[in-house]
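Student: In order, the protein sequence lines correspond to chains A and B. Here our numbering is used: position 255 in the first sequence is 255, and no number is missing along the way. Here our numbering is used: position 125 in the second sequence is 125, and no number is missing along the way.
One or more of the hints may lead you astray.
Here are the simulated DSSO-like cross-link-like pairs (lysine-lysine), alpha carbons at most 30 Å apart as the crow flies [what the hints assert, rightly or not]: (1) Lys-202/B x Lys-123/A; (2) Lys-202/B x Lys-191/B; (3) Lys-202/B x Lys-223/A; (4) Lys-13/B x Lys-162/A; (5) Lys-218/A x Lys-191/B; (6) Lys-120/A x Lys-202/B; (7) Lys-162/A x Lys-223/A; (8) Lys-123/A x Lys-191/B; (9) Lys-291/B x Lys-218/A; (10) Lys-74/A x Lys-218/A; (11) Lys-291/B x Lys-123/A; (12) Lys-212/A x Lys-223/A; (13) Lys-218/A x Lys-252/A; (14) Lys-223/A x Lys-13/B; (15) Lys-252/A x Lys-162/A; (16) Lys-202/B x Lys-252/A; (17) Lys-13/B x Lys-120/A; (18) Lys-212/A x Lys-120/A.
If we take Cβ atoms under 7 Å as the criterion, some of the chain B residues that face chain A in the derived model are [claimed, not checked]: (19) Pro-14; (20) Asp-16; (21) Ser-53; (22) Leu-99; (23) Met-137; (24) Leu-144; (25) Leu-200; (26) Ala-203; (27) Thr-205; (28) Gln-236.
Derived by calculation from the structure, the hints in this document are not laboratory data. Note that CB positions come from ideal geometry on N, CA and C, so glycine has one too.
Spelled out, the chains give:
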Amino acid sequence: MALIQGTNTETLPKAKKATVLNTLRRDYQLWLMILPAIICVIIFNYIPMYGIQLAFREYDFTAGLTGGEWAGLKYFEQFINSHLFWDLIRNTLLISVTTILVGFPAPIALALLVNQIRWKRGKRILQTTVYLPHFISIVVLVGLLNVMLSPNTGVLGLLLAKLGVEGNLLASVNAFVPIYVLSDVWQHVGWNSIIYLAALAAVDPQLYDAAKIDGANKWQIIKNVEIPAIIPTIIILLILNMGTVISTGFEKIFLMQNSLNLPISEVIETYVYKTGIVSNQFSYAAAIGLFNTFINFMMLVIVNTIAKKVARISLW
Amino acid sequence: MPSITMNRIRNKKPTDLLFDVTVVAICILMFFIVAYPIYFIIIASISDPTYVSTGRVLFLPKGFSLFGYEQIFADSRVWIGYRNTLFYALFGTFINLLLTLPAAYVLSRHEFKARRFLMFFFIFTMFFNGGLIPTYMLMRDLSLLDTPWVFIFNPLTVNVFNLIITRTFFENNIPHEMFEAATMDGCSHFKFFSTIVLPLSKAVTAVIGLYYLVWHWNDFFTGLIYIRDYNLQPLQIVLRDILLSNQVFAEGAGSGGTGGGYAQRYADQVKYGVIIVSSLPVLILYPFIQKYFEKGVLIGSVKG
Numbered sequence: 001m002a003l004i005q006g007t008n009t010e011t012l013p014k015a016k017k018a019t020v021l022n023t024l025r026r027d028y029q030l031w032l033m034i035l036p037a038i039i040c041v042i043i044f045n046y047i048p049m050y051g052i053q054l055a056f057r058e059y060d061f062t063a064g065l066t067g068g069e070w071a072g073l074k075y076f077e078q079f080i081n082s083h084l085f086w087d088l089i090r091n092t093l094l095i096s097v098t099t100i101l102v103g104f105p106a107p108i109a110l111a112l113l114v115n116q117i118r119w120k121r122g123k124r125i126l127q128t129t130v131y132l133p134h135f136i137s138i139v140v141l142v143g144l145l146n147v148m149l150s151p152n153t154g155v156l157g158l159l160l161a162k163l164g165v166e167g168n169l170l171a172s173v174n175a176f177v178p179i180y181v182l183s184d185v186w187q188h189v190g191w192n193s194i195i196y197l198a199a200l201a202a203v204d205p206q207l208y209d210a211a212k213i214d215g216a217n218k219w220q221i222i223k224n225v226e227i228p229a230i231i232p233t234i235i236i237l238l239i240l241n242m243g244t245v246i247s248t249g250f251e252k253i254f255l256m257q258n259s260l261n262l263p264i265s266e267v268i269e270t271y272v273y274k275t276g277i278v279s280n281q282f283s284y285a286a287a288i289g290l291f292n293t294f295i296n297f298m299m300l301v302i303v304n305t306i307a308k309k310v311a312r313i314s315l316w
Numbered sequence: 001m002p003s004i005t006m007n008r009i010r011n012k013k014p015t016d017l018l019f020d021v022t023v024v025a026i027c028i029l030m031f032f033i034v035a036y037p038i039y040f041i042i043i044a045s046i047s048d049p050t051y052v053s054t055g056r057v058l059f060l061p062k063g064f065s066l067f068g069y070e071q072i073f074a075d076s077r078v079w080i081g082y083r084n085t086l087f088y089a090l091f092g093t094f095i096n097l098l099l100t101l102p103a104a105y106v107l108s109r110h111e112f113k114a115r116r117f118l119m120f121f122f123i124f125t126m127f128f129n130g131g132l133i134p135t136y137m138l139m140r141d142l143s144l145l146d147t148p149w150v151f152i153f154n155p156l157t158v159n160v161f162n163l164i165i166t167r168t169f170f171e172n173n174i175p176h177e178m179f180e181a182a183t184m185d186g187c188s189h190f191k192f193f194s195t196i197v198l199p200l201s202k203a204v205t206a207v208i209g210l211y212y213l214v215w216h217w218n219d220f221f222t223g224l225i226y227i228r229d230y231n232l233q234p235l236q237i238v239l240r241d242i243l244l245s246n247q248v249f250a251e252g253a254g255s256g257g258t259g260g261g262y263a264q265r266y267a268d269q270v271k272y273g274v275i276i277v278s279s280l281p282v283l284i285l286y287p288f289i290q291k292y293f294e295k296g297v298l299i300g301s302v303k304g
């Protein structure tokens, strides 16, 4: 069988069709191996993209995924004119931007810190511990917050009461964002630091030696050797993070929501769930969801373009 | 000897010494902030709920009580959830690997012409998707709502991130010469993949297998959106009911916090216990699999 790379016959015009056939014959096993994955992605990822037109059509039970008659931008107008629009945008942006501002630098700082530890055993213990919360489910994390922050019986709630923080934090509009963001950092900071630790491990030891000979202290080494070394990793991860800037963690926010913190905790994604899945306004909810996806995608493109210009690093 | 340590300290610049002390202090603080809540849940689950609720259980269990665990073991909801999640996780992971490993192998073959296009085809789904409602409508049209299949076949069945990790591993660990040598001996792609690539790739199979497994175990979303039938609900939905909706006691009496502080104290102990019981499989596996998790991130980060 002609499995080894075929000789280049493209120079001969007549043989072109035969080349395609030959390639197919040569690669048919490869196609067979990747076909199940392709089919699965087409069905479960691409068909829903095709179904986005539901946002521009009247939902019709008999017509299924793509909906019935064209409705134009009716549902988008309905969303923009709804009294919830600005609240949803504000809450969504507030939660996601705060999460990025606090949550993005935290693993970088942790990686630089852990990298300073010379005691191998202690380093391992610390790493094992800080990775662990990443594997706790969101339901358990929110359950943990609830029982520990309970003002009457929770260990943190009792402590905060002694420090003079009154009332139930879980029902507070002011405490929602800090609790959300800090628990997010608590859960993922260790895990997210692994990639920076890997980048730090790849720093050329000669750079450290050179810095020491120049009389640099530890702080100067971090500033002038280590941080520049991980900047490409930082930028790539920042771009990836920006792509989801307003797609905040639906599940966690949904689970932390209660009637008292709703003014700050209702975000686009929870609203899509409520209008779509709960109250069956499919077209309206699809339009709101598309709004979300579109802004995400634009953020990604913009940040990627800036990174490309400024640092010559980009995803594509 | 202490004198050596003392000398090392004396030889340091004062700024570096201050730096080291700060590093150690922050590390110890970090350790306690992360470890304490987990440790507290464990000791609170076996302590007398009265002591826990008055803040007297801080570092050691006090007034041993297994009331919470007794309630959990008597609760059929927890076992139904456990059974369902176990099935979804094991069967789901099997399907995930069955689709991901061969696809990653194909994408790692540089002589495969459609490689670049197919890579884009997969990666595009990371940045753009149809959103919740069209995906829900699709599942409904396919009659997957309220069936176990929805846990196994969904937009994350082929997780593109895991696909990239696996492809990168194959590219870096299966030398091109090996395939050339094998084809000389008349080896096909099927045979090469099953007899040479897979046995050489136990590390990456373990890594992404564990990623998928943990994802299935912690999956709450699928149960929330697509499942109404209580007998099909995964563990995380049962957990939500017990931990957050306060449906702590299955058999009527004292449920929903009636009876005030007394019932709530016991309800909390059930909650501490159910957190432990539901997270136990991951916590037991954790020390063994931890090195694989790191390896996974390292393998995947070599190339984007």
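Student: For every hint, state whether the structure bears it out.
Tutor: Hint check:
{"no.": "1", "hint": "Lys-202/B x Lys-123/A", "verdict": "27 Å, holds"}
{"no.": "2", "hint": "Lys-202/B x Lys-191/B", "verdict": "17 Å, holds"}
{"no.": "3", "hint": "Lys-202/B x Lys-223/A", "verdict": "39 Å, violated"}
{"no.": "4", "hint": "Lys-13/B x Lys-162/A", "verdict": "42 Å, violated"}
{"no.": "5", "hint": "Lys-218/A x Lys-191/B", "verdict": "54 Å, violated"}
{"no.": "6", "hint": "Lys-120/A x Lys-202/B", "verdict": "27 Å, holds"}
{"no.": "7", "hint": "Lys-162/A x Lys-223/A", "verdict": "40 Å, violated"}
{"no.": "8", "hint": "Lys-123/A x Lys-191/B", "verdict": "43 Å, violated"}
{"no.": "9", "hint": "Lys-291/B x Lys-218/A", "verdict": "29 Å, holds"}
{"no.": "10", "hint": "Lys-74/A x Lys-218/A", "verdict": "60 Å, violated"}
{"no.": "11", "hint": "Lys-291/B x Lys-123/A", "verdict": "14 Å, holds"}
{"no.": "12", "hint": "Lys-212/A x Lys-223/A", "verdict": "13 Å, holds"}
{"no.": "13", "hint": "Lys-218/A x Lys-252/A", "verdict": "39 Å, violated"}
{"no.": "14", "hint": "Lys-223/A x Lys-13/B", "verdict": "18 Å, holds"}
{"no.": "15", "hint": "Lys-252/A x Lys-162/A", "verdict": "28 Å, holds"}
{"no.": "16", "hint": "Lys-202/B x Lys-252/A", "verdict": "34 Å, violated"}
{"no.": "17", "hint": "Lys-13/B x Lys-120/A", "verdict": "23 Å, holds"}
{"no.": "18", "hint": "Lys-212/A x Lys-120/A", "verdict": "22 Å, holds"}
{"no.": "19", "hint": "Pro-14", "verdict": "10 Å, violated"}
{"no.": "20", "hint": "Asp-16", "verdict": "5 Å, holds"}
{"no.": "21", "hint": "Ser-53", "verdict": "4 Å, holds"}
{"no.": "22", "hint": "Leu-99", "verdict": "5 Å, holds"}
{"no.": "23", "hint": "Met-137", "verdict": "5 Å, holds"}
{"no.": "24", "hint": "Leu-144", "verdict": "10 Å, violated"}
{"no.": "25", "hint": "Leu-200", "verdict": "17 Å, violated"}
{"no.": "26", "hint": "Ala-203", "verdict": "16 Å, violated"}
{"no.": "27", "hint": "Thr-205", "verdict": "15 Å, violated"}
{"no.": "28", "hint": "Gln-236", "verdict": "5 Å, holds"}
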